[in-house]
Amino acid sequence: MSDILLSAKNLTVRFGGVLAVNNVSFDVRQGEVFTLIGPNGAGKTTVFNLISRIYTPTEGEITYLGPQGMIPLSSQPPHKIASLGIARTFQNIELFEHATVLQNLLIGRHTHHRSSLFSEVFFSGKVRQAEIDAREKVEHVIELLDLQHHRDSMVAGLPYGVRKVVELARALCTEPKLLLLDEPSSGLNVEETDDMAFWIHDIKNELGITVLMVEHDMSLVSKVSDRVLAMNQGEVLATGTPREVQTDAAVIEAYLGSVDDVSSLRRDAAKTEVRA
Amino acid sequence: MRFIFKTDYGQDINLAKHGGHVFWYSALCLLLVAAPWVFSEYLLAQLTFILIYSVVGLGLMVLAGFTGLFSIGHAAFLGVGAYTQAVFTGMGVPFPIALALAGALSAAVGVVVGLPALRVKGIYLGIATLSFGFIVEEVFARWESVTGGNAGKTVGQVNIFGWVADTGASFYFVCLVVTVVCTLAVLNLLRSPTGRAFVAIRDSEISAQSMGIHLAYYKTLSFAISAALAGIGGALYAHQIRFLSPDQFNIIQSIDLLLMVVIGGLGFIHGAFMGAIFLIGLPQAISSVKEFLPSAIGQAPGLKAVIYGAVLIGFVLYEPMGLYGRWLKIRTWFQLFPFYRKGMFKRQKSFQKSDRLK
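The listed protein sequences correspond, in order, to chains Y and B. The opening position of the first sequence corresponds to residue 1 in the numbering used here, with each subsequent residue numbered one higher. The opening position of the second sequence corresponds to residue 277 in the numbering used here, with each subsequent residue numbered one higher.
Next up, chain Y with everything else stripped away, as it sits in the complex (with noise of 0.2 Å):
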């Protein structure tokens, strides 16, 4: 197929004697939303930093669609990855705290600046058009989110459905061809969820970006992915439509356990609603 934008192949990663991740393979097409699901643990963010090149795979290998076709993720080095084209937001929200949003969305555009160090000493005049251009650049990406009255406030004193927002702009800002969004509802409320399903949408649809995230809010995952990866302990459990996953017995039992736990469960819960 032509239309891989990413490639994992038989992907392991171990630390000392965990195994994160055992062998789990799976392709992100262009223009589609991808999501990684699975409990706590299952290596679902492993996956994200092998893809931004945090740790490398022990075995297995991650190849993308470069600009000369596919190439395989282990030859760059991590700085290389934004330039790529993938950019990503964490966790736990990684935003440079005592700087402004402006000028986090500014950092988010460093892989575009050519500038050299001694026409940025005397600041010429390229250098001027290139921070006027930059902020043109940026100023879409607050418009489309909505950040325009977070513009020039310390990052220091926003609240945490701000920074999220702020996090996704960032990388937004680098232009990317694939955007990997590690939990982009976790710590918002349903407004603020509901407004993230509309922008990755916004997102896929307008700015045609492809997007790889982990998630665990199964409405939001289903109103917005196209496909859905399972992952549990390391390993994949099932891949296809969000229907399909949600359906599948092997997911099923990572989340609920088996049939005969919840048969078990349900003989107790009736013994003590008797007793009652």
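Incorrect hints may appear among the rest.
DSSO-like cross-link-like pairs, simulated, lysine-lysine; straight-line CA separation at most 30 Å [as the list claims (entries may be wrong)]: (1) B:Lys-580 <-> B:Lys-566; (2) Y:Lys-137 <-> Y:Lys-9; (3) Y:Lys-204 <-> Y:Lys-137; (4) B:Lys-293 <-> Y:Lys-137; (5) B:Lys-282 <-> Y:Lys-126; (6) Y:Lys-126 <-> B:Lys-293; (7) B:Lys-282 <-> Y:Lys-137.
Derived from the structure by calculation, the hints contain no laboratory data. Bear in mind the structure is a predicted one, so any value in this text is a computation, not a measurement.
Chain B: place on chain Y using the hints.
Just chain B, lined up with the frame of chain Y:
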């Protein structure tokens, strides 16, 4: 209270954000230019020292305040600059060229010291730079053919292609020009992508890296810039003191420099200047009140060290943003009068951080 209505991006980028900045900084420039006619010879020499230390402070501020890397051996870079200047001007090299060489050599040494910074962090980086400081001090003492060893080395006057700065006032102007140029260079750098990359590394390495910032390159660059500024400051220092010996660049000097930026206010360019004023001004202030104190206290040998220590503890406890932070608070109090509230500058509790880069 001033509200700025922004209508174009230039207003974001310009150094002077509004008319008030233009007015006050012009006034400051006028005062500094008029200083030789306003102040006495002695005060002018102190002002020269403040300018010299400001340049060094700018360097340390780039490193510690903006990139988040601490150096407890910064006096070594000061020394490298000073001795380079002494050697080259001794050979008859004109001042501007010698100054550039002093900055360049310090930067080169800074790159070498910056390399361990890629591997070690926090307190371990402190230890690494501290040991580096000791090594360099020892080199100054032992390499007698170049540095003159413990006997010291005298430094000539500033000679700019035939024009000799032989008075206090003329040397003051040399320092003023160098300081203004260095300050503008640092300000320009900080509003460019490079400066933002420094801030990104300071606040979160992991996300800086995922935004495409090459950590090793920018950390080394920060060390190089910081060392270059310290070297330029050192070169001016050499001309001001006129006599160099290794013990001027010892651990106490390094700690003074660190103290300067912490008390001035980490992360603010103004902090470097306020710290320099503090560092040069405090000994003067102590000696002027000494006479009025009972002799048991006033003549006590460790008085200066005790006061320095107490002031530092006070700042760390009550004003971590330093003198500049205090100034910001006072200014806000007046701007908002009577609506200033105590918690306005209180830092919000940081949210939990995700996994750090090892």
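Status of each hint after checking the structure:
1. Using a Cα cut-off of 30 Å, the hinted pair B:Lys-580 and B:Lys-566 holds, with the two alpha carbons roughly 10 Å apart.
2. Note on Y:Lys-137 and Y:Lys-9: the hinted pairing is violated, with a Cα-Cα distance of about 36 Å set against a maximum of 30 Å.
3. Simply put, Y:Lys-204 and Y:Lys-137 have alpha-carbon atoms about 18 Å apart, close enough for the 30 Å limit, and the pair holds.
4. A hinted pair counts as satisfied when its Cα atoms are at most 30 Å apart, and B:Lys-293 with Y:Lys-137 qualifies at roughly 22 Å.
5. Straight-line distance between C-alpha atoms of B:Lys-282 and Y:Lys-126 comes to about 22 Å, which keeps the hinted pair within the 30 Å bound.
6. At most 30 Å may separate the alpha-carbon atoms for a hinted pair to count; Y:Lys-126 and B:Lys-293 meet this at roughly 21 Å.
7. Taking the CA atoms of B:Lys-282 and Y:Lys-137, the gap is near 17 Å; set against the 30 Å cutoff, the hint holds.
Checked against the numbered hints above, the structure breaks only hint 2 and satisfies the rest.
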